[in-house]
Every structure is written in C-alpha cells, then in structure tokens.
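Make a model of the complete structure from these sequences and hints.
Protein chains: 2
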Amino acid sequence: MEKKKFKSTVIERRKEALENLESLGIKIYDQLDKGFFPSVEMPSRSLENIHYDPLLRQFILGDRKVRRSARNIRHLKPFTQLVWAAAFSHELTSQRKTSTLRDVYYSAQAYEMTFTDQQESNNIITDLETVLGLSREDFNIFPEERSAVFGDLTIEYTVPGYEGRTLNLTSHPDGVLIGPALTSSEFVKTTADKVIAIEKGGLFTRFIEENVHKKFNAILVLTAGQSPRATRHFIRRLNSELNLPVYIFTDGDPWGMHIAMVIISGSANAAHLRELNTPDAKWSGVWATDIVNYKLPTDPLDDVDIKRLYELQRDPRYKDPLWQREIKTFMKIKKKAEQEAFSRYGLTYIVDEYLPAKLEETK
Amino acid sequence: MEKKKFKSTVIERRKEALENLESLGIKIYDQLDKGFFPSVEMPSRSLENIHYDPLLRQFILGDRKVRRSARNIRHLKPFTQLVWAAAFSHELTSQRKTSTLRDVYYSAQAYEMTFTDQQESNNIITDLETVLGLSREDFNIFPEERSAVFGDLTIEYTVPGYEGRTLNLTSHPDGVLIGPALTSSEFVKTTADKVIAIEKGGLFTRFIEENVHKKFNAILVLTAGQSPRATRHFIRRLNSELNLPVYIFTDGDPWGMHIAMVIISGSANAAHLRELNTPDAKWSGVWATDIVNYKLPTDPLDDVDIKRLYELQRDPRYKDPLWQREIKTFMKIKKKAEQEAFSRYGLTYIVDEYLPAKLEETK
Numbered sequence: 563m564e565k566k567k568f569k570s571t572v573i574e575r576r577k578e579a580l581e582n583l584e585s586l587g588i589k590i591y592d593q594l595d596k597g598f599f600p601s602v603e604m605p606s607r608s609l610e611n612i613h614y615d616p617l618l619r620q621f622i623l624g625d626r627k628v629r630r631s632a633r634n635i636r637h638l639k640p641f642t643q644l645v646w647a648a649a650f651s652h653e654l655t656s657q658r659k660t661s662t663l664r665d666v667y668y669s670a671q672a673y674e675m676t677f678t679d680q681q682e683s684n685n686i687i688t689d690l691e692t693v694l695g696l697s698r699e700d701f702n703i704f705p706e707e708r709s710a711v712f713g714d715l716t717i718e719y720t721v722p723g724y725e726g727r728t729l730n731l732t733s734h735p736d737g738v739l740i741g742p743a744l745t746s747s748e749f750v751k752t753t754a755d756k757v758i759a760i761e762k763g764g765l766f767t768r769f770i771e772e773n774v775h776k777k778f779n780a781i782l783v784l785t786a787g788q789s790p791r792a793t794r795h796f797i798r799r800l801n802s803e804l805n806l807p808v809y810i811f812t813d814g815d816p817w818g819m820h821i822a823m824v825i826i827s828g829s830a831n832a833a834h835l836r837e838l839n840t841p842d843a844k845w846s847g848v849w850a851t852d853i854v855n856y857k858l859p860t861d862p863l864d865d866v867d868i869k870r871l872y873e874l875q876r877d878p879r880y881k882d883p884l885w886q887r888e889i890k891t892f893m894k895i896k897k898k899a900e901q902e903a904f905s906r907y908g909l910t911y912i913v914d915e916y917l918p919a920k921l922e923e924t925k
Numbered sequence: 563m564e565k566k567k568f569k570s571t572v573i574e575r576r577k578e579a580l581e582n583l584e585s586l587g588i589k590i591y592d593q594l595d596k597g598f599f600p601s602v603e604m605p606s607r608s609l610e611n612i613h614y615d616p617l618l619r620q621f622i623l624g625d626r627k628v629r630r631s632a633r634n635i636r637h638l639k640p641f642t643q644l645v646w647a648a649a650f651s652h653e654l655t656s657q658r659k660t661s662t663l664r665d666v667y668y669s670a671q672a673y674e675m676t677f678t679d680q681q682e683s684n685n686i687i688t689d690l691e692t693v694l695g696l697s698r699e700d701f702n703i704f705p706e707e708r709s710a711v712f713g714d715l716t717i718e719y720t721v722p723g724y725e726g727r728t729l730n731l732t733s734h735p736d737g738v739l740i741g742p743a744l745t746s747s748e749f750v751k752t753t754a755d756k757v758i759a760i761e762k763g764g765l766f767t768r769f770i771e772e773n774v775h776k777k778f779n780a781i782l783v784l785t786a787g788q789s790p791r792a793t794r795h796f797i798r799r800l801n802s803e804l805n806l807p808v809y810i811f812t813d814g815d816p817w818g819m820h821i822a823m824v825i826i827s828g829s830a831n832a833a834h835l836r837e838l839n840t841p842d843a844k845w846s847g848v849w850a851t852d853i854v855n856y857k858l859p860t861d862p863l864d865d866v867d868i869k870r871l872y873e874l875q876r877d878p879r880y881k882d883p884l885w886q887r888e889i890k891t892f893m894k895i896k897k898k899a900e901q902e903a904f905s906r907y908g909l910t911y912i913v914d915e916y917l918p919a920k921l922e923e924t925k
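If you read the sequences in order, they're chains A and B. Position in the first sequence (from 1) plus 562 gives the number in the numbering used here. Position in the second sequence (from 1) plus 562 gives the number in the numbering used here.
Warning: the hint list may mix true and false statements.
Unchecked claim - So the derived list for chain B, only partly shown, Cβ under 10 Å to chain A, looks like this:
no., residue
1, F598
2, I740
3, L744
4, E748
5, L858
6, P859
7, P862
8, L863
9, L884
10, Q886
11, R887
12, L909
13, Y911
14, D914
As the list claims (entries may be wrong) - Sample of chain B residues at the chain A side, in silico, Cβ under 8 Å:
no., residue
15, E581
16, Q671
17, A672
18, T676
19, E707
20, A743
21, G764
22, T767
23, R906
24, Y907
To be verified - So the derived label-pair ranges between C-beta atoms look like this:
no., chain 1, residue 1, chain 2, residue 2, range
25, B, V628, A, G723, 52 to 62 Å
26, A, G908, B, V628, 29 to 39 Å
27, B, L609, A, K890, 24 to 34 Å
28, A, I588, B, D882, 33 to 43 Å
29, B, Y673, A, L609, 27 to 37 Å
30, A, K857, B, V628, 21 to 31 Å
31, B, S601, A, W817, 21 to 31 Å
32, B, Q875, A, V628, 46 to 56 Å
33, B, Q681, A, P918, 28 to 38 Å
34, A, G787, B, E923, 33 to 43 Å
35, B, R658, A, G787, 24 to 34 Å
36, A, G723, B, K925, 26 to 36 Å
37, B, K925, A, Y872, 58 to 68 Å
Just so you know, these hints were derived from the structure itself, not from any lab. We treat Cβ as the ideally placed atom computed from N, Cα and C, and that holds for glycine.
This is the structure we're talking about:
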C-alpha cells in the first residue's frame, strides 16, 4: 500500500507529554534536594484571569499565577494530589494504557490517595493540564467514546498491538468510534477535500446512505451532541494536518449554535489549553434565517432557550456579524427547528438541495 | 477468504417485512373492492392486556383485540396515519433506506399527512409493529446509533454499495458502531466462545486495551447505558445464530440491574414483539453481594434508587431467587457501586480477578 503520510503531531505530542511529566518530577526532586519545600506554579483559572483573545479566537488565561506549596498546610493536600496525578498519568502514558476521569477518582484509592469526591479529582486533573500545558488526552485520560467518523481517510494506528496496521474509514458503513486508538493514529491518505461535522446520529446515517462522502468528497464526523474534546482535537487535526475546510451542521437552536461554536472557538473551561479548536471551521446551518427561508416546521423557543440567546449575544466569541444576525433572528421569530425538519420536503432534500446550497454559502 | 456462514435470519426478515407490508395493503384494497369500509385488527396494548409469560420469559399481549375502522369517524385519522406509515415503511424497505422516529414525524409533512406531535407518530409506528408482528428496525426505522462492538467476528454486509464486503470486528480498536449496516449483516466466521456486554464506554475501552477479547475469547458489546433495540436484537443473534453465551456487566445499582434485565427479558413496551430478548443471557455483575464481597467504594442509595428497588421486587421478571437476593441485599446495605470502583485495586484488577471469577460463577 502506498503510504503518503501527512505532517503528524501524534508522536511528538506523546513525547512532549512524557517529557513534561518527567521535568515536573525532576523539578520537585530538585527542590527537595536543595532543602526547599517543593512547590508548583501555574496560571490562575479564576474567572478574572480568563480573557477572550480575538487573534487566537479563543479564551486564554491572563498573567495571574497561583503557587501551590508543600510549605502551606492548606496546600499540602492538593499539592500531594497533583503530584500523585502526575505520577499516575506518567504510568498510564508510558505503559500506553488509557483511563477516564471516573477511573482516576477510584484509582487514587489503590494508592491510598484520597479525594473527597470526583469533582475534587477532576479539578486536580485540570490543574495538571494547566501545569503541563497539555490536554488530559495527551497523558491518556480520555472521555467516554460516543462520537464517530466515516469517510475516505486511511489511518495508521500507533496503539499497542496495532502499530503499523491501517484502516480506511469507509470500512464500516455505520461509522467507527472516535476513541484513543483513532485519535492517536497517523493520517496516511485521503481523497476528501472537506470535513462535514454533524450533530445527530440520524442525519449522520442519512448522509452515509445518500453517499454524501462521495458526492461531496467529505469526511463525515458525528459529534453526537456537544463533541467530546478528543473529537474536537481530531477535527482540528483534519483541518490543520490535511488542510481540509470544516463545515458544521447542527439543529437550528441556541444549543446547536453553541455546539458549532465550541468546535470553532472552544470553551472558557479549556482556556488553559490550545490545540482543541478549529477557528476556521464554519457553522453552515441550521441557521435561524434558514428556518425562515426554507419554511421549516418549528417548535417555539422556550424560556431557557431565550435566556441562553441573551447569554450568547454578550459572549465575545459571538461578536461576528453573522452570529449576531442569527441570534437576533432567533429572538425575532421565537422559533427553533431540528435538522430532521428538512424531511418535510422528502428524505433526500437535505442532501440534494440544502447541503450543496449551504456549503457554497459558507465556503 | 473462507466463508462459513451461520444460519441467518437477515434475508428472511427483510422478505417477511416486505411481504407483511404488502399483504396489509392488499387486505385494505380487497375490503375497498368489496365495498366495505377498510379496517385493521391488532392485539390491544392496554395495560390489562400485557401479561408476563414465564415460559417465553418476557411480557406478551393477551387475547384482547382492537379494531380500527375507516367507518368510525374517531378512527379515521389514526387509520389513515397507519396506512400512510405502512406505505412509507414499504418505500424505505424496498429502497433500502433507513429512517428514525424523528424523521418519520417530519416526513409525514412531505405527504401532507399530519401528526399533532411526535408522540402521535411514535404510537402509530408501534401500531404498525403490532399489526405486522415485526420490530420497526425490520422495516428500516432505526434508533440513533450509540452502542458499539469489538471482537473476532467477521461479518458480511447486505446494505447497498457494500453487498458481499466483509469486515472483521477487530479492525478498529475503539470499536465500530452498531447501526443499520451492522445489524443487517450476515455472520461469516468467529473464534469467540462468548459475548460480554458492558454498560459503560470507559470499561469497554479498558477491556479492549487489556485484551479481554483474546484472553476470554469474547465479543465485546458496549450497550452505552440502556441498550437500543437494534443492539438487543444483535445480542440475541450472537446468542441464537452463533450459539454464544452472553454475560452482562453493569453498574451495581437498580438501573444497571435493569439494563441487564431488559437485554434478558425485554420491556413491557415491547410486549407485542419477540426477537429482541436473550432469555439465557446472564447478569454477571456488579451485584449488591459483589459490593460486599469485594469491599467496593460506594455511594449511598438515594430515594429514587430505593423506590426503584421496590418496583423491581414486585416485577414478574425479577422473581428468580438470584435477582430477589440481590434486590434484598441492595436494600439492606443501602449502597451502590460503579463498575469503575474496581480501580481501587488497580486498573487491571477487574480484568485479572473479578471478570474470570464472575464468568465462572454465572456460567
């Protein structure tokens, strides 16, 4: 099989994760050797230190730092927990095993490390991300899988037992899961010239059945609602390594809009991270103006929807005219529509008419 | 590739679906030809007509019938809707396209067939299942995909564009989705001697990483919570066509217990259907007695959990001594535990110790 590898970030990232973890350990040993109480410093994640960066088009952390020191009795517990989390993550990464946030919480007990509840252990993992400047998936702590992909992309696995094996992502016409093996694979070959991300499983299946991947040379990604971070990182890689434009199709409501926005510009919770967002990705629909133009069947916006629209209106990620126009239109028509609403014009209308029109419009 | 096909039900079921739909149509035309108001008769799904059958080990419908006639003005709308649903399903099945319940609701508008809301269209599809004696997946109305499978089973697709193509279900180490293509595939070859169904994605990934499929010759199925009906039908086929015993692992709480029970004995909602349950499947854990014996980290049962346990205690599906014992133990210890709780003994304890012990115990 002819192999045409794209510039990959997989190997470097794993190396970087291990190196960062090890240099954290060395730093702590050094401090102990010198007779100091060990400490770590990291950017503060408090609300006052989270700013929107219009250049990076995402939230970032400011200059404020917090220091966690073994000298301070109130810091002693979280400091120890952080060092344990680093050691555990190093164990995972070097043994090439993956884990989940839930697993981390229970695993701590195997080491007689106690967390009051899962929230506490989740926070420590976020601290570790902040200290290392890496996403937890880089040190092998993954979310539960639920999103999927289908399309002409040949990948080469790097996970144990599968090294060097390849798979073309059209092999299974229901789609394959986006989990640790897929996200750590190298991209070998593709004929696709775009990525289409889809919020809902029903439409993902429809797109495969209607050969959207062939007709539009597209790799199809099912986000299954708000996309897990591993999926957002995968979409970013499709965009940056393969140079493929990304189009996002969601339900026509504030929640669908925000699914698209988080793929594009990330979340405030991940202000300490890069490499998760795809700033050039486009939200291609269902827009509020599509609801009007295509005369779609609708449901009325409820109070929670409207409250959400007011929040989004003030959100710095939503300042562009297109987003503001759509928010205003939602508020004016007071209606929302699902992706499936296009079936009122027949099952294939969305593929035959709507999709090509919107791909053209948001090119 | 050597092909060893197992007794398959795929082709017959599709033929049966089309034939049943067509004979329904012929029946209606016949009545019209004879100058009668057309009508259909089906078993009543009212609560009084749902009984538990200890022999079949599932809920079934009794002898009461309902008749829907075009003569009765109150029946006219649901009768018309039913006939439309049958025509639409025939269109889907003969064109080999799939749809979802949501899509059906919107598609009706393309035919100027109105449903007040989705509940109404869902009910009509259930009526159609009852009339035909088939599950809606048989006439190509599928749930959203979210469950997955991994293990040494070679399947042969029957969906358009993939006819005759095969895939081994170890090809993608994150697992492949259980969707229309997988559930309509033929089983060609396997070395597995059991099926292990798992409630949660984190554990499914752990099992793959720890080579449970090899060490225990198992096909691993991720139910992702309460398993969709297509997944239950797939598990049943693994059991009946390949003769593989099925072991189910869930969280140790009333909800996990019921995930296992629905795979085994089905739900009251599907009393009009067969072919969804696997009566010989075993719930292998996490039992309440496992929580005690393995000294697992726990959370207290809350009021909703306890209320649910009282419901299950009276449920005819739960009459066997093992289930009653576990319900009583839950009530006594007033605690629940997740599958991940075994990580307190290290990440691989669940695979090295717990899994083999429980497979032996529930053999």
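Going through the hints against the structure:
{"no.": "1", "hint": "F598", "verdict": "33 Å, violated"}
{"no.": "2", "hint": "I740", "verdict": "7 Å, holds"}
{"no.": "3", "hint": "L744", "verdict": "5 Å, holds"}
{"no.": "4", "hint": "E748", "verdict": "14 Å, violated"}
{"no.": "5", "hint": "L858", "verdict": "9 Å, holds"}
{"no.": "6", "hint": "P859", "verdict": "6 Å, holds"}
{"no.": "7", "hint": "P862", "verdict": "13 Å, violated"}
{"no.": "8", "hint": "L863", "verdict": "17 Å, violated"}
{"no.": "9", "hint": "L884", "verdict": "26 Å, violated"}
{"no.": "10", "hint": "Q886", "verdict": "29 Å, violated"}
{"no.": "11", "hint": "R887", "verdict": "26 Å, violated"}
{"no.": "12", "hint": "L909", "verdict": "6 Å, holds"}
{"no.": "13", "hint": "Y911", "verdict": "8 Å, holds"}
{"no.": "14", "hint": "D914", "verdict": "13 Å, violated"}
{"no.": "15", "hint": "E581", "verdict": "23 Å, violated"}
{"no.": "16", "hint": "Q671", "verdict": "4 Å, holds"}
{"no.": "17", "hint": "A672", "verdict": "5 Å, holds"}
{"no.": "18", "hint": "T676", "verdict": "11 Å, violated"}
{"no.": "19", "hint": "E707", "verdict": "5 Å, holds"}
{"no.": "20", "hint": "A743", "verdict": "4 Å, holds"}
{"no.": "21", "hint": "G764", "verdict": "4 Å, holds"}
{"no.": "22", "hint": "T767", "verdict": "6 Å, holds"}
{"no.": "23", "hint": "R906", "verdict": "4 Å, holds"}
{"no.": "24", "hint": "Y907", "verdict": "6 Å, holds"}
{"no.": "25", "hint": "B:V628 / A:G723: 52 to 62 Å", "verdict": "56 Å, holds"}
{"no.": "26", "hint": "A:G908 / B:V628: 29 to 39 Å", "verdict": "32 Å, holds"}
{"no.": "27", "hint": "B:L609 / A:K890: 24 to 34 Å", "verdict": "49 Å, violated"}
{"no.": "28", "hint": "A:I588 / B:D882: 33 to 43 Å", "verdict": "58 Å, violated"}
{"no.": "29", "hint": "B:Y673 / A:L609: 27 to 37 Å", "verdict": "52 Å, violated"}
{"no.": "30", "hint": "A:K857 / B:V628: 21 to 31 Å", "verdict": "37 Å, violated"}
{"no.": "31", "hint": "B:S601 / A:W817: 21 to 31 Å", "verdict": "44 Å, violated"}
{"no.": "32", "hint": "B:Q875 / A:V628: 46 to 56 Å", "verdict": "51 Å, holds"}
{"no.": "33", "hint": "B:Q681 / A:P918: 28 to 38 Å", "verdict": "34 Å, holds"}
{"no.": "34", "hint": "A:G787 / B:E923: 33 to 43 Å", "verdict": "38 Å, holds"}
{"no.": "35", "hint": "B:R658 / A:G787: 24 to 34 Å", "verdict": "28 Å, holds"}
{"no.": "36", "hint": "A:G723 / B:K925: 26 to 36 Å", "verdict": "28 Å, holds"}
{"no.": "37", "hint": "B:K925 / A:Y872: 58 to 68 Å", "verdict": "59 Å, holds"}
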